[in-house]
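Chain residues, written in single-letter form:
Protein chains: 4
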Amino acid sequence: MDNEPELQDPGFGTKITTSGDRLINKDGSYNIVREGEQVWTAYQSLVEMSWSSFFLYVVIYYLGVNLLFGIGFVIIGVEKLSGVSPAGLMDDLSAAFFFSVQTFTTVGYGAVNPQGIAANLLASADALVGLISTALATGLFFARFSKAKAQLIFSKDALIAPYRGTKQMSFQFRIANLRESRIINLRASVILSWVETMPNGYTTRRFYNLPLERDKINLLPLNWTIVHLIDDKSPINGWEPRDFTQNQAEVIIFIEGFDESFGQKIHVSSSYTCREIRWNAQFLPMYYPRNGKTVLDLDAIHQFEFLEE
Amino acid sequence: MDNEPELQDPGFGTKITTSGDRLINKDGSYNIVREGEQVWTAYQSLVEMSWSSFFLYVVIYYLGVNLLFGIGFVIIGVEKLSGVSPAGLMDDLSAAFFFSVQTFTTVGYGAVNPQGIAANLLASADALVGLISTALATGLFFARFSKAKAQLIFSKDALIAPYRGTKQMSFQFRIANLRESRIINLRASVILSWVETMPNGYTTRRFYNLPLERDKINLLPLNWTIVHLIDDKSPINGWEPRDFTQNQAEVIIFIEGFDESFGQKIHVSSSYTCREIRWNAQFLPMYYPRNGKTVLDLDAIHQFEFLEE
Amino acid sequence: MDNEPELQDPGFGTKITTSGDRLINKDGSYNIVREGEQVWTAYQSLVEMSWSSFFLYVVIYYLGVNLLFGIGFVIIGVEKLSGVSPAGLMDDLSAAFFFSVQTFTTVGYGAVNPQGIAANLLASADALVGLISTALATGLFFARFSKAKAQLIFSKDALIAPYRGTKQMSFQFRIANLRESRIINLRASVILSWVETMPNGYTTRRFYNLPLERDKINLLPLNWTIVHLIDDKSPINGWEPRDFTQNQAEVIIFIEGFDESFGQKIHVSSSYTCREIRWNAQFLPMYYPRNGKTVLDLDAIHQFEFLEE
Amino acid sequence: MDNEPELQDPGFGTKITTSGDRLINKDGSYNIVREGEQVWTAYQSLVEMSWSSFFLYVVIYYLGVNLLFGIGFVIIGVEKLSGVSPAGLMDDLSAAFFFSVQTFTTVGYGAVNPQGIAANLLASADALVGLISTALATGLFFARFSKAKAQLIFSKDALIAPYRGTKQMSFQFRIANLRESRIINLRASVILSWVETMPNGYTTRRFYNLPLERDKINLLPLNWTIVHLIDDKSPINGWEPRDFTQNQAEVIIFIEGFDESFGQKIHVSSSYTCREIRWNAQFLPMYYPRNGKTVLDLDAIHQFEFLEE
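Protein sequences, first through last, are from chains V, L, U and C. For the record, in the first sequence the residue sitting at position 218 is 218 according to the working numbering, with numbers rising by one throughout. To convert, take the position in the second sequence, counting from 1, and add 309; that gives the working numbering. To convert, take the position in the third sequence, counting from 1, and add 618; that gives the working numbering. To convert, take the position in the fourth sequence, counting from 1, and add 927; that gives the working numbering.
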């Protein structure tokens, strides 16, 4: 992420408009609809879905595959399954389904076992599919576990507030690490984007890197308040709340760092629109000393108070 | 990738010729034949082959290994497999094969089970090979899944086109992400390579970094049109289509970025030869606003129109 | 990690105090208490706990899950388990527990096997839970194994000692690699932090990068003695032992490198407080030649001797 | 790796001597003996040993663990194993061993199955150990497979040869990729190390970065000849073969790059001592055109010819 103040667009192009909506969602995803032929990304979906959805898929797959094999054994004929005596269709299917489960999972009690080439071949396929499925599931579980989902939390609101008790106004928000993990070498980029009407009546989207009081820290043991000083050179110098609204302004945040627990680089993004900027307010402290220790209260990250004018 | 304009070769050497063929294939691989003793790279092959080939290998391995163990049990004598009564050779082999499958997969119904030291030892080896094979397969499945195959798509053709409605000509192509994944911090290098005949009659291959209007973007939410302005300093200033052909010219592209979904750096390369460069044409738009949203149409990436002179 | 001498704080803020305690513990963790809602990090805990704790959890889980399924089978009725004849509750539970073990592990001897829909469904669930648990365990084992826990050892004490026999005093400590692995491209940052009382009576914590004789090495075949020369510009020039104590001074160390065996970047940190700094002492050699080879004695890393005045 | 010419040592220290031996072995490992308490690195050993050793360990472990459990079942009494009738000790042990194998691998034919609490508990432990062992093996297989062992090959000898037909002498060696994989962004550092006798009779080891004609390439499709020009500033300007010997000189090579197939940074090192430097010789070509293609012959990497004076 470069830090030259006037920025060519970070990749959105200058023709994009948002009509009151946003470029980047709060969770960092793009507010863009994709059409046309894409690459199907089963792996990515299965890794990124919630744990409850994932387990649901696992159970549905388990039941579905065994039902299919069960139907296969019924077609071959349950009389080929030693230990099952043919009864009605549902009973046969039930017996065949449970035999498939015992084969797929490689439990293989043996009270039921296949006779003849066809049933044995189908059982062999069933067991192979079971082993492959387990291999796939193992890989997916590991990928889900080991994915470094950085749990950086952003304050819900950004503030326009005096800087450290001076009269100098500043744009501020803060972040903290929701995990016990160590995130190091953090860098922040804050980009202001707005739509400008040109003299010829055309509109163009502009992007501007907001200079920061500090754009990197080595460690994140507590919280980090990221501050842009609204001095003479700042593009938002003199802006009123309605300027943010009219200009479709959006402050886009990129944070990168290195998560030691996962041994991976992390990248987190978010944005603040006019609806999430509070004027003349200041954040309340998040940490305090207690018995010679420093205590960090993560629940306090969103807390601020309005200042009297 | 350095960006000094005049470049020492990126690794091909100055003596390499292509005789109308190319240095780098469209898919980014080298157009070079390797001979002599190499390191056998079973892992790499098994990870990079298509899923259908991979499953075919798995099935062939499964059948082959169990056939070998089945032959082993026949040699020991199927009378050592309790539950099997010796019949003709094919029946014995069939029974022994399915017993091996039940052991290899660790299903172990038990309707057939080994008697005596020899059969038990062979069954123990069979089960161990089964476990090891499953372990190997699990690792391979995970490696195949977790390999960040960047699905960047390049426009089929590069264009020689006026730059943004001006009279300034430019060399252009564009890329987009076929996946839903986030690729960030992309950098592009575009190298022109051609063969030059020296005054003494020798030929030498030259390499030249084409300066780009922009050589990096932070995000790739839409498409990225990569543009080289053909100004006075450009080595292709004044070239005609036949110059590209005669000089064995090739434009080599390197793109690097970071894939957030896989947490890995990605590197993609491709090239354009004279047969893939269109003169006096311009790309058609790939995205448009709809209901306040921006829609990206991936199918439109290759679409361009010729300009009237 | 930047190396400009006067440093903005590395992330602790200027208001933090320690009252004789420390900012960073010897093992590199932060001496900070976290409160409020955090993200539960089962994965991280399971990966970072000791092997004995991990195996204990595995055994408890194994017994617990099978006990639950065993109770389930007792509720359904052990008469639904063919091969078990109902006896007292404890006998039934024992039989059901062992049947569950045989199903969960997919051993499935078959001497006991389920009859009827309910028992078969529960057994199917048991086997699925077994497979999933094995998949999870496999992922956890691999994550535990492949985590590059750099085994850099720091000398217990830092020394204030003359530099290489000159009269120039220096601050020194040393590190070595406890593993046979190759760590390359090491960089060290040494930050002095102390609390200063301002003229207005307020206290502020200051951070200062101590310049090093060498802040990086390419290889770590032996030990590395990291040296800060206490010259005129050094902030600790003229300090006495009591200055360290009164100023709540702490020397914070960050080491980064690349572990070739694990293919991962490593980051290690530690700190020295006044209680771990020895004055007027020098380290004893850690390596010596023997039969034309160089021998490194890792046990000697902490050894130093006091100098006579 | 820094490239300032006069170099502080890369980590060996200035007091190390080699007495005709070397600092770095041909395979890149350090020629140093480590003593004292180290961290046991079972994982690293198991990952880095050869495949044949690894499989041998697996088989020994498999036999050993099942032998131990077999002895356990014999102690409990084989009459607790339904299906086994007590015979002599060896027969009992054999039956118990194979029963353990069937349990450990989770095959569980069931022809033999445990009776009573003690035998069932031991069988439960056996199956758990089997599952854990399989999980461990799976992780190890994957780690072994996915470890990016760069297969860069160095020419056996380095040459002191005229540079490209000029009279300018140069120090040369060459590398190539034994694998089909893509290695990109390679950088080379070449360090000359020698022992110098100071005026006071002490000896000190010196290290000097040899400037290279090119110290990086983007791709390695063919071979890379790495060249240091022996000009006026070169520390080996005017050296004779005996200077290399007397000064315990050694040329240490570090290569780093990025292996696209494994998605990992790679680091390879080696060294040349006086015994591996040929004077007045030049490498023979490794690639040639054939049918419009370029053919690379890997077997030719070591081939050179002596020049007539």
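Worth double-checking, as some hints may not be accurate.
[To be verified] For lysine-lysine, the following DSBU-like pairs were computed, each having C-alpha atoms within a straight-line distance of at most 35 Å: (1) V:Lys265 x U:Lys774; (2) C:Lys1083 x L:Lys574; (3) V:Lys147 x C:Lys1143.
Hints are computed from structural coordinates only; laboratory data are not their basis.
So, going through the hints one by one against the coordinates:
1. V:Lys265 x U:Lys774: holds, 31 Å
2. C:Lys1083 x L:Lys574: holds, 33 Å
3. V:Lys147 x C:Lys1143: holds, 33 Å
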